[in-house]
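Protein sequences, first through last, are from chains A and B.
The first sequence maps to residues -19 to 398 in the working numbering.
The second sequence maps to residues -19 to 398 in the working numbering.
I should point out that these hints are in silico values taken from the structure, not numbers from a laboratory.
Treat the hints loosely; a few may be bogus.
You can't tell identical chains apart in this list, so a pair holds if it fits in one copy or across any two.
[What the hints assert, rightly or not] DSS-like cross-link-like pairs, simulated, lysine-lysine; straight-line CA separation at most 30 Å: (1) 124 with 55; (2) 124 with -18; (3) 1 with 172; (4) -18 with 1; (5) 55 with 172; (6) 55 with 158; (7) 114 with 55; (8) 114 with 103; (9) 158 with 1.
There are 2 protein chains.
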Amino acid sequence: MKHVVVVGGGFGGYQAVSDLKGAGVRITLIDQRNHHLFQPLLYQVASTILSSAEVAWPLRLMLRGREDVTVMMAKVEGVDTAAREVLVEDGQRIGYDYLILATGAQHSYFGNDQWAGFAPGLKTVDDAIALRRKILTSLELAEKETDEARRAQLLTFAVIGGGPTGVELSGIIADLTKRTIWRDFRNIDTRKARVLLIEGAKRVLGAFPEDLSEYTRGALERRGVEVMLGRNVSDIGAGFVKVGDEEIPCGTVVWAAGVAASPAAKWLGVEADRAGRIKLGRDLLVPGYDDIFAVGDTVAVEWTDGKTVPGIAPAAKQMGSHVAKTIYARVVGKPDPAPFTYRHQGDLATIGRFAAVVKMGRVKMKGWLAWWVWGIAHIFFLIDTQSRIVVAWNWLWTLMSGRHAARIITRTGGDPRA
Amino acid sequence: MKHVVVVGGGFGGYQAVSDLKGAGVRITLIDQRNHHLFQPLLYQVASTILSSAEVAWPLRLMLRGREDVTVMMAKVEGVDTAAREVLVEDGQRIGYDYLILATGAQHSYFGNDQWAGFAPGLKTVDDAIALRRKILTSLELAEKETDEARRAQLLTFAVIGGGPTGVELSGIIADLTKRTIWRDFRNIDTRKARVLLIEGAKRVLGAFPEDLSEYTRGALERRGVEVMLGRNVSDIGAGFVKVGDEEIPCGTVVWAAGVAASPAAKWLGVEADRAGRIKLGRDLLVPGYDDIFAVGDTVAVEWTDGKTVPGIAPAAKQMGSHVAKTIYARVVGKPDPAPFTYRHQGDLATIGRFAAVVKMGRVKMKGWLAWWVWGIAHIFFLIDTQSRIVVAWNWLWTLMSGRHAARIITRTGGDPRA
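Isolated chain A, as found in the complex (with noise of 0.2 Å):
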């Protein structure tokens, strides 16, 4: 029986697993993390409303009536390509017939990783939570500071990167101080919280209709968010963000400007483009290799005019699924399937309560009406019953109560600035 192995648990890995369903072959699934995570809420761990396990799932429990299947949790260090092993810490090495990597992204810095320690981003369970404790013990700080430019540095966020990402980050932060929270302190005002947003392009949202931009701009003002937009940060460093030649004092800044291929390029030695991702042909095999597949944000494969695939889940899931397909046909003997083509079904992006952007093929929404299908849409891609109900059900008391569920500090030791 074919041994398959797969490198990572994301939308790309995960789909590739569960469409190998019954093709006759043996896998393991490596993940140096015991989950899944549905990323798109992630940033609503950050932000107080949701708990992290309503948004990741134990991939063991995913996969348990798979007993096809066996999970690894592991940090995978290399591929040995000769000898067809992957190479897990500790020395072990796992043999493969098939190897699909779907190693993910990670922030990139464009060449200044010392921002990394003031400007976390925001791609793990642990970047939520430590984002989380950051905001909120920023609020805590200023409540009671009686230095008043200081209290004015705590009570600055800012957010880099007009995209998807920094456009919830600061729509939700901006709900958060500003019409959730501030009746809970008693020396602030968390309404005169400043939320920055820092774009370096001249508008948000650069891969949606230029009115849905313009709208989200003005969504964003309107619920107190300063966009800033045609601005590049300079420096970031302890306390402050560098915008051209102003420096802001800030107390959190978080960084949602860039990312970057995992190492699977550097395991194989083979050809990257400048974000660090291999250039694959349709086919999804990794150059030079018969056997090596990858998927999902570690790969650069062609689009229409020039550009690539874009980096959402719903690429992933699809290459995920060809890769299985392939896999599956060379199982049984067939030729290879045909090359793999991207069907866009279209981008969501949510600006705060009641408000989002949606464009699926001619169809364009904001608003409202937006935000309700963001939030169904959302819902309905959650793994299981359990997370669709108690999502559903944090949303609509978040609605109601206006209270956020999940604001508990967690790891205040000591010193609760650490």
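Position chain B against the provided structure of chain A, taking the given hints into account.
Chain B only, in chain A's frame:
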């Protein structure tokens, strides 16, 4: 207007703040964490049934409507009784007219503080998340371990202390490994996990009638817990627990054996008992002071038969109420109320799914009826409607699906063993 400072937002401190509503005083509640914790359900966070936000609530949110209360998240470092000021980290001083110390308890290793690193306890949300990570990571490591002895070690869980917390934890770890999670693994059979409950006395649940202790021991053993009675732990180190002369290789050790009061007695330089608790009269005033009260786990107050009031939530709440009543009487110029008398409402402990013991007055219950009483009582005592609904739903879901909702390992960084 008199200023009341309350240190600690647990059951006792929060009750005092609650009862001082409308008393015509100004209140500052200081806690080093941002939340009130419902400790009786904390073991369910550790054992992957509940998320932390379901058993903890932001103090600010709970006191949002109380304009007379300021919440301050800060670590208290001492009291200057001459100046009547509480000393807070960073050198801040908070003046008081009345001070209520409700600082709770911490773990006591009976002089073996070096055990703390190997056998953490369960007092805070962070403790629960750390224990959850430890249990789940042990199973992950066992799944990929090839050495038989090392694998058996990873699958051995020892709980030290046969009080309610120890009984609950060992019972639920047995339920988790032997009933819930075993189908998720391919290389190990988690049903063969060893779960040890080690107690120095001759029976578990020493505060309960003997027949309920005996029932509990049997119920634990039927679930697969090895109950070791009359056995003392002589040493704990990396990967082992030593019981008498027997060294047991052990992946996870949890401390549920002893508590010691927080350092409030040291702050004041007053007499403490062996467990560090301030010895109080029935006026709940700290001896030598007319303006400093203390309540809850940090004090020793006489009850009956030479026993002291037990360190449980209802006792702390009753003390909090009594102190609020005293302060109110003083503010309106009335004499102090009659001395504090503790009303014991009963003892409850749960063993695992459909098994609990209850002793309330003359009523004794055990088995599934006691379990329902326990569950309904705990849902009733939760702080807000949102938590009641979500906890009730999670329990129902766990019962129906045989799945645990909160199995995400957080802080997985590079090394899952960290």
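Status of each hint after checking the structure:
1. In the homo-oligomer, the alpha carbons of residue 124 and residue 55 lie at most 30 Å apart only across protomers (12 Å), although the nearest pairing inside one protomer, at 42 Å, exceeds that limit.
2. In the homo-oligomer, the alpha carbons of residue 124 and residue -18 lie at most 30 Å apart only across protomers (20 Å), although the nearest pairing inside one protomer, at 62 Å, exceeds that limit.
3. In this assembly of identical chains, the alpha carbons of residue 1 and residue 172 lie at most 30 Å apart only when taken from different copies (29 Å versus 54 Å within one copy).
4. Taking the shortest Cα distances, residue -18 and residue 1 sit within 30 Å of each other inside one copy (13 Å), while across copies they are farther apart (70 Å).
5. Only between protomers do residue 55 and residue 172 lie at most 30 Å apart by alpha-carbon distance; the minimum there is 27 Å, versus 44 Å within a single protomer.
6. Proximity of residue 55 and residue 158 under a CA criterion of 30 Å is satisfied inter-copy only: 28 Å between copies versus 41 Å inside one chain copy.
7. When the C-alpha separation of residue 114 and residue 55 is checked against a cutoff of 30 Å, the pair qualifies both within a copy, at 27 Å, and between copies, at 18 Å.
8. Within a single copy, residue 114 and residue 103 get their C-alpha atoms as close as 16 Å, and across copies as close as 23 Å, so both meet the 30 Å cut-off.
9. Taking identical chains as interchangeable, the C-alpha atoms of residue 158 and residue 1 lie at most 30 Å apart only when they sit on different chains, with a minimum of 27 Å there against 48 Å within one chain.
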